[in-house]
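Listed below are the residues making up each chain.
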Amino acid sequence: MRVNLTINGHPRGDEIEPRLLLVHYLRDVAGLTGTHVGCETTLCGACTVLLDGKAVKSCTVLAAQADGASVTTVEGLAKDGGLHPIQEGFWEEHGLQCGYCTPGMMMAAVDLLSRTTNPSEDEIRHALEGNLCRCTGYQHIIKAVQYAAEKMRAAAGR
Amino acid sequence: MAVVPKFVGARIKRREDPRLISGTATYVDDVRLPGTLSAVVLRSPHPHARINSIDAAAARSAPGVVAVLTGEELKGKVGGIPCVAPAEHIPFHPLLAQGKVRFVGESVAVVVATDAYKAQDAADLIEVDYDPLNAVSDPEQALADDAPILHEEFGNNLVTRALIPNPAVDEAMAKADRVVKFRIKNQRLAPVPMEPRGVLAQWHQANGQLTVWTSTQIPHLLRSALAAVLSLPENRVRVIAPEVGGGFGAKLNFYREEALIAHLSRMLGQPVKWIERRRENLATTTHGRDQITYLEVPVKNDGTVLAIKAKFICDMGAYLQLLTPAIPGFSGLMMTGCYKIPAMSFEQVMVFTNKMATDAYRGAGRPEAAYIAERTMDMVAAELGLDPVAVRRRNFIPKEAFPYVTCAGLVYDSGDYDAALTKALEIVDYPKARAEQAEALKHGRYIGIGVASYVEICGIGPSVMLPPKVPGWESATVRMEPDSRVTVLTGISPHGQGQETTFAQMAADAFGVDIDDVTVVHGDTAIVQYGVGTFGSRGLSVGGTALMMSVGKLQDKLKKIASTMMEAPPDQLTFTNRTVALQSDTTKAIPLQAVVDAAYGWKMPIPGMEPGLDATSVFEPSGCTFPFGTHVAVVEVDPETGVVKFLRYVAVDDCGNIISPLLVAGQVHGGIAQGIAQALYEEVVYDENGQLVTATLMDYAAPRAQMLPHYELAHTVTPSPLNPMGVKGVGEAGTIGSTPCMVNAVMDALKPLGVRHIDMPLRPEKLWRAFKDAKKA
Ligand code: FES
Ligand code: FES
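Chains A and B are the protein sequences, given in the same order. Heads up, the first sequence stops at 168 in our numbering, and the numbers go up one at a time, no gaps. Heads up, the second sequence stops at 926 in our numbering, and the numbers go up one at a time, no gaps.
This list has only true hints and no planted wrong ones.
With a Cα cut of at most 30 angstroms, we get these calculated BS3-like pairs of lysine-lysine:
1) A/Lys161 to B/Lys162
2) A/Lys153 to B/Lys162
3) B/Lys155 to A/Lys161
4) A/Lys153 to B/Lys572
5) B/Lys155 to A/Lys153
6) B/Lys162 to A/Lys89
7) A/Lys153 to B/Lys794
Calculated directly from the structure, the hints in this document are not laboratory data.
Chain B on its own, in the form it takes in the complex (with noise of 0.2 angstroms):
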């Protein structure tokens, strides 16, 4: 009679929520260490300027101040920021500017003063003489022979130039009754995670070691870094990630202030804080996006789609971050999608504009290439005169074909993508809904049906697909204490997703022990073996997997220990309401804590085998998961204002088995409220000179709750073969799959008017134009 789970695959609240719902955790500006100093960077107003000096004097002597470093001072000193992704041109990225400034908000000077407030006032007493330079924000106009250069070093603007070829392209071309072309573009967007960053630094002098509490997705990477950056060994180093508020991909990186502020306590002797403000967080925190593709597709009368040939522009902005030129890369392979397309090629451009860089935002490439998928079935239709939804079905990978070698050689590990469409077109009653549509039209409402089918690449894995220093693999410690409580040390670092619940749950029901017999502990480097992190929806299919291996170790222990108290082999053993009991009659059973008292005691009842219960573990995926599902949305945009209002909002995810509903929920909605944003509200603005014009959150549109629709989730299950979990990953599936299905939804309303594509975001105010020229045409 096997066990059933008590905790796995039930509704379960988070046991994070307790220290979060009465204002008790511990973000990095809760940290308070006596005799702390505040820092505050004063930052260029300049796109791209010459620097031709920098006077600090009356800030040196201004009240409270007690330093003042400029990029000059550093030199020598510090290293600069490393990017570990190939490409052809990798600048040198300093903490403070050397001699140009090169996008609105580079950091110029720090100034270190006994409170904010006064650092602030000094900051704004340093008068910097600048020289401006001609700027260029448009990434097709940075590669013009007379754009202006931002590292003269390079002699043009091309970060890198990555080309994948395919004859069977051209040939596809040939044989296609049509070719169906057009451009799109991915505009810019900030991830804007609600805690801006922060760092605190604290040098211990008198054994040489630093503390770094920082707001990061990373710490055991962060801290390889900065120990490179400020030459000191890695063993002397120690990063927490206390309570993370939201990173989204912005804190899965390696920042100038987070070197410059371990750099400023390690010179002063004191601890030195700096935390972000939202206009900072909007200018200097990592953008995400930011491509511009020309598709061509040719297809076959019936909608059958022979290849894909891409163009894309990515724009890298000035300076490279930790994985800046590695994003694009996914976009180009993913772009395929759910369908069995014989044959892609791409190219791609990365170039530098004077903007804030650009690196991993939710989805990380993959939005964009199911941005390219779905437009491109929806624009396919649109051109042959079909149904979205059967040139789809036309296309669509068969369930029996799994795993499945994608032309551009990525392996599908399980689908049905039939399966989540079906269903989501059951939920919304879709002949329904477009007799709706029809009826509406004729009364001059203008009603649209989206679809979006998309499939995603998680839990990438072998690390060989990932750059150098930023592995696939995770690690988990698993210990049975004493008292037979489990303490879980997880090298991911979770910060919103859940994974106190989730792992809690795994491992209470693996040894049959209360769900508040376990403890996550993850996110301080001195604390938890090396990991790698949160990032890419892994926590669960690599950080998960772990996980299991270690507990898999300590059960077959316990369970060989046991089996000397109980005179039955190891393998007939299980372990359920604390105890350990034979498979076949629990009620044959002896305590666990008996079981554990020996593993711990004097004398081991197995000869030669270690004492305590201790085991870690490390996992390196074979190969990535691939979650998919379809979203539908029913709009209806209003002719007089552009407004679009939303009728129905149904997504089917499928990540594979679940482990915990109620979480899988909050991060679907939050991936949608995400994705739509996109479609809908968001866009990072410069000018055409290079300014920001998007500053602050008033600028910056992202979605309030009257700005998003009501969510109908519902799940198809196709396990990963891949875990034994059986799971896919979910933080990043909603924003993959809603951004196309909006913008199909919003375009096929449009659809009488002869418009077949406007670009993101589709504010009311390009909607309501688009009607306006409809009428006069």
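Okay, chain A solo, but in the shape it has when bound (with noise of 0.2 angstroms):
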């Protein structure tokens, strides 16, 4: 079957197999390998992208229920050669070690920026519960988070 749809600004189409996953159309089709695969059942969020700005689970979603939709992955988030907000503050925080879950951590966080400008520590918990890490004990990554938010609000001028 074929699926068109837009990733990081750029439309595509492709003819797949009705079960490929979407984490797998994003790694093996399109070639875009930072999102990774941590369970594949849904219970570790390294996978997680945005699907029409909302945080999914790219390991549970068909590639073929994206059609028509836009994604954005890690990939896109840097825009015209500067990092996103959120990659500042994993990198400035020292949010990650190994890297393997920020990916798919920073889009959660991305995700919860979109609906929360503030958010407190409290808040950002409960936001990152669908994503593990097993490296940084996710304090640093909830001062990266906040560092984001800071920048964002700095930006819009709030």
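Starting from two chains that each stand alone, build the complex the way the hints lay out.
In structure tokens, the structure reads:
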């Protein structure tokens, strides 16, 4: 079957098997390997991407279900050669070690920051509950999200 | 005037991060080679069964299938997985089961197809005729006369027995006011790196060379092992550890699939890739801990501990991995902790069970030891009605006693245990916390304060302390390139620890260049000289020392050359701002580049001196470092639900001098998270028949953000005398201190109920039951 979708602003169409998962489509067909697989069962969040602006776990979405949609992956975060504030935050606050959870973690955080501009530590912990990190113990991830929130508020003049 | 370090000790953002935050890092599964085939492993659903036959005909003719292999077909073609630690019984460890399966998840056959979906479809078509056998999952039952035997050739399930006797322990028992006795368990854990294992192998038929990309902590040791198992010359095998998504000891190993996939690529003449799924990861990547300890502790009424006597039952699982039987030794040797306990003795019984093998998991033997020592202190305090802090202070090794030789014969390099304890207690305001606890109890609120003072062993050396083939030394090459940029090739293999940053900080300061002028390379056996790897918190203390040795050699050479150009003796020169300068007046300087040009030029300024700027060193540690610290937790346990709420978590760690404060904080945070997870949440569960219950991340409770506290960190600094940086290592410290700290806190909260000990993990259900039982009584 055929899917047509937009990935990081670029439209594309491909002939695919109906059972192909979105995460495998992104990695193996579109060649975007920044989205990782940590469990294949919706439990770790490593595969989180934005589907029409909302965070989804791409290991439990069929590529076919993304037909007509717009997908943003970690590769689409940086704009015009500049890092996205969430990327800056993770770098600045040491929000990553091995980096494997990081793309999914950042996409989940971007989703949170699109809904609330000044999340508390508690709100961040809850918003990221679908994303596992085995390295950082989360505290620096929380600081990274707060850093990004502040940056984005400043940019928006709030 | 000494040159002030610019990068060492400063808060430096990591140099690894740009590729990781942009999604352009390359983990094994991201490596793309044309013509790559995908492998799927068929695994045993049975904990113990005889294999009567395997019918793979349907799989072989399924669409896209290129090959199917079973254990019988591998016989005589490849060797088995080695265990390098000594043991009485080391069974043959095949790449695919032969005749019998011995744990759930054991590999039985492998299917190679054009893509992973097709390989999986075909694997589902393989019919294996099994005769299920009785299984044993309880290590204490495994030695019973009627227990099912895993490896018939041994006649029983004993792996090995270790006995460290000491008559002084019996004398201590006789002298004691009383003997505190208890049994504790370090439950089985799964390391769960977020990147599962993965292997990509490419055989180059024309020149008989093999390249293997694998998610490992030990590329060089793996190269040696792979070459041996596949009967290949070692110089024709190249192992690449690309970006590695966490290891925690689980990737300090040599796995069946690493050899199997390499063999398949050689057999098929095409690249073959296998990526572990989480279900496989929980069942077939090494587990950690799984020790039961019976303790007898003779004490004086004032809290003085006279000796520790322990019996360990250690569950090794069904086969022995690289270091399986070596791990428990560290638990025994380190179980006297920070204390001047005059005598110890232990017996360790290691047994086979129908489970996945255990091996190193963050801390590897020392978390168990710290748990023993720190639960002992609290048990003694409870028994004698003393404050746990007072019992610790009574038994601490005093700071004047270092270097201190323990009753187990270990030489603790340096320490000031009371300083770390005092600082942690100040931060929580211990007297106030105790007063608040007492007040809360009047209102039916159960607050607990837990203290744990730990010491651990890191940077293990000399090499004789480790099994052969996993030595304690490390290597580093430092090259100053013709443009005076610095390349560091290190034998360690970081996978999140951040040495691309720390080593660059060190090299940049040493040569007076910018951190961006330094590139750190690791993880490729074709590029990097033979090395050992990253584990046991050794990266900085051992690998960093090798680095500084090579740096020193280059500095000497550069200074000698510069001295001919500056007319100043070499020992009065220093490196700063990309110049070689007079120490006494750094404005008297020549550009570093001029000296480098001379070193690479057509005429060396010093006759007989070798051109070029390249030095390799190997550091063999003369002793181990012993990081230490005190963690304090304040928690509240809800009697209605048994849920543990975190009120404070304070960690005072002493890892010697600190090169990179931001990265040290990251290591401590991650360590604490894993240690608390052991205390409260995680356990690999096999039922009594050997079925794996915790086969998904739904059942295996790796903690999420809201399951962990906010950590408050502080440090004391007691440099190690054993390396030039004065560092001790910090990769495992958090894990080691936090588990006993959290258990002590929860048990302290339950003290009014008269409960002394509950085995981990302290899940709400267990704690709720404790309240319920207390009410009944
Ligand atoms: S891979 Fe999708 S949630 Fe784990
Ligand atoms: S940084 Fe390694 S799992 Fe999050």
